[in-house]
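Heads up: the sequence lines are chains A and B, in that order.
Residues are numbered in the numbering used here as their position in the first sequence, beginning at 1, plus a constant of 6.
Residues are numbered in the numbering used here as their position in the second sequence, beginning at 1, plus a constant of 6.
Heads up, some of the hints might be wrong.
Since the list gives no way to pick one copy over another, a pair counts as held whenever it fits inside one copy or between any two copies.
Listed next, the in silico DMTMM-like pairs over lysine to aspartate or glutamate satisfying Cα-Cα at most 25 Å (straight line) [stated by the list, open to error]:
1) K295 to E324
2) K39 to E57
3) K13 to E105
4) K39 to D50
5) K287 to D59
Just so you know, these hints were derived from the structure itself, not from any lab.
There are 2 protein chains.
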Amino acid sequence: MQIFTEKEIRTNVTINQTIIREIESAFTDLFTKNVRMPPIMRVDIPENNAEVDVKTAYIPGHESFALKVSSGFFNNYKLGLPSTGGLMFLISAVNGQPEALLYDNGYLTDVRTAAAGAVAADYLANENIQVVGVIGAGAQARYQLEALKEVRNFQHVVVFSKTKKRVIEFKEEIEEKLAVSVTIKDNAEQVANESQIIITTTPSEEPVLRSEWIKPGTHITAMGADAPYKQELDSKILQMADVVVCDVITQCEVCGELRPGIEAGLIDKTKVLELGQITSKKIKPRLSKDAITVADLTGTGAQDTKIALYAYQQLVNEAKI
Amino acid sequence: MQIFTEKEIRTNVTINQTIIREIESAFTDLFTKNVRMPPIMRVDIPENNAEVDVKTAYIPGHESFALKVSSGFFNNYKLGLPSTGGLMFLISAVNGQPEALLYDNGYLTDVRTAAAGAVAADYLANENIQVVGVIGAGAQARYQLEALKEVRNFQHVVVFSKTKKRVIEFKEEIEEKLAVSVTIKDNAEQVANESQIIITTTPSEEPVLRSEWIKPGTHITAMGADAPYKQELDSKILQMADVVVCDVITQCEVCGELRPGIEAGLIDKTKVLELGQITSKKIKPRLSKDAITVADLTGTGAQDTKIALYAYQQLVNEAKI
């Protein structure tokens, strides 16, 4: 078993067009192949404000698959440690041997999550985008913009975060890295007012975006909710949207935005699409420039398998050079 | 993260009384503490005659918990590789950091499974045991006898296995290691006829032990069934038994002997006990010498956490010496 460190992985895996298309293929495979993706395994340790998740998926046609352990320990800031962590195994589907341990501390999850946002926006958002809004200013907000830049050539970002210091760093980093201008807003409503695409990247347990703020033509990607108590969108947004797309409906109805939407009786699940339905047919479901579209992303084991395979290939090629 | 090899683990962890009591405490904890043990995560790859299982359990009071990946790739013999494999992580329940990777290739699973058999026999079997019968002659048959020897001083073993070569090796190994005599039988009925305790350790998908063969006073431990298509016991055995004990009822009704028993309408689930119910009260439920008792063991994440904690402690102490 080969072991790769976070540093090696960060050096060899950076967001690019290939990764976005690999993650797109994960969604297509989920819809067209007999992918073996069991429900997320979850251990909650509320006494430490913590959770550990396990995801996996075997995708026929690949000789290996990933098994990922990811953790969120939200008291870690008191210990001077990062809140989130994780690692992935690449396991041979031929003989069961663990081929590689990708000890990435969650980096590959950040990359594959951002790539999913870009895939969703690519299929759902209007083509001509100038302004992108972001709620939240953590690592995932940065990665989402970086991936989105691969599919939409926006020039301006508006951002709101409750954490003032973080949002200033965010502005500096994004302006330098993506060569766009960033404006810090006082609240989420101002962000919604100016944005053609809105990305919510918070661990919020109550809506951060209200339906009355959403302008015609907006695409929204909500990627923060990944637990049965999290919610970023007022469920009326899903009700008013022309198109609602989930990464995987069975996951989103347990831990995504679909969950509160169904509970409130505001969403007809049979009208919700899965991302693989549209990527497999290469059809963009937006019917007009004024349509409102929503992507509800909870993160799938199939994405983990694709990014682990990609990372391993890069790392092994690097070792050969 | 510290990484320990199978060789280091085998050197430092061998079946003993302490391990049996640690595994007993796993069952007690399952019954008396708020153990967080999600259902087994399973990936089936039938095209390669293979399966991968993930088990975990957080036990309050311990600062770490195990997450185990175990695999069965039953075509591996064609590749000259062992069929089963696996590894365990020990993860901090305080900060989420992976503390150790126990790369044991399934050895610790063998040990904790054998220890569970010994715990069950200790609470269920008659005290005075001369003859133990085993169906199957693989690694787990050996470990079960080794662990059982810690709780019952038997002098003779009778064994039946379909694999002739394996059973001859088994006889030689067990006679040397446990200082008991071993007789190879032609079929399972002969084993049942002579045994006071019977242990079934096969991957069978149909019963290997029939109810009409079971003598009064017998204790049976069935540990082979761990999947929804496996079965070692004729379900009439569970029906006729005075006491039926599961490691965890919710697991056994999915992948243990309880499953076919319930499906056939032969077992009243409400009369089945969990091992933790009896270990926590230190009460032996056998009411007479002639009672028939059955333990249905599928293997639990709580056992994995206990054995991983024990192994880590041994390995770290070893490193200090």
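Hint-by-hint comparison with the structure:
Taking CA atoms no more than 25 Å apart as the test, K295 paired with E324 passes in neither setting, with 44 Å inside one copy and 68 Å between copies. Proximity of K39 and E57 under a CA criterion of 25 Å is satisfied inter-copy only: 18 Å between copies versus 31 Å inside one chain copy. When the C-alpha separation of K13 and E105 is checked against a cutoff of 25 Å, the pair qualifies both within a copy, at 19 Å, and between copies, at 19 Å. In this assembly of identical chains, the alpha carbons of K39 and D50 lie at most 25 Å apart only when taken from different copies (15 Å versus 32 Å within one copy).
Taking the closest pair of Cα atoms, K287 and D59 never come within 25 Å of each other, the shortest separation being 31 Å inside a single copy and 33 Å across copies.
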